[in-house]
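88 is the number of the first residue of the sequence shown in our numbering; add one for each residue after it.
The set of hints was computed from the structure by calculation and includes no laboratory data.
Since we're looking at a predicted model, the values are computed, not measured.
Mixed in with the good hints there might be a few duds.
Stated by the list, open to error - Label-pair ranges, simulated between beta-carbon atoms:
#1 R110 to H156: 17 to 27 angstroms
#2 D175 to N231: 30 to 40 angstroms
#3 P142 to P164: 17 to 27 angstroms
#4 D175 to T89: 39 to 49 angstroms
#5 N231 to P117: 32 to 42 angstroms
Cβ atoms here follow ideal geometry from the backbone N, Cα and C, with glycine treated the same way.
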Amino acid sequence: MTSGSAERFAQWFEDLTTLNKEREMIASCPDHYIIARDPAGRQLVVETTGGSPLPAEFTVDYDDISTLHTPPDPSYPHQIAGAARLADGFVIGGVRHQFRQEGDGFRALLTVEFPGRMPNRMIAEHRWHLAVEFSNWVEAAQANGG
């Protein structure tokens, strides 16, 4: 991003989750159907993932990084990370999105951990999903002081 603050963006995103700003979360990508806080405080997600014709439902627990395989990069001090699980608690992956300041803007290192048997085509398609949702979230954050 050519302008903005890595720290403010990460905080803005965390606030969306904590305050259950479902409308802002859904608006970032047409693949989103539900992104809301569940009763346990996790992020409930219903979206089409990786170009799948059907939506997936899972939760992301930003208080639990115990199952993540991707280590944090110390040169990216701000992160949004958590385990992704099905309703029965089965771990299906996770996210580790990391951010650092660079000049007047910031750089993002976006990582989604998928199950090992996920087809490469779906992983490649999901890169477009990340590009769309995060570019829209960055614009929304900057428009709202984040």
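Hint check against the structure, violated hint numbers in rising order
1, 3, 5
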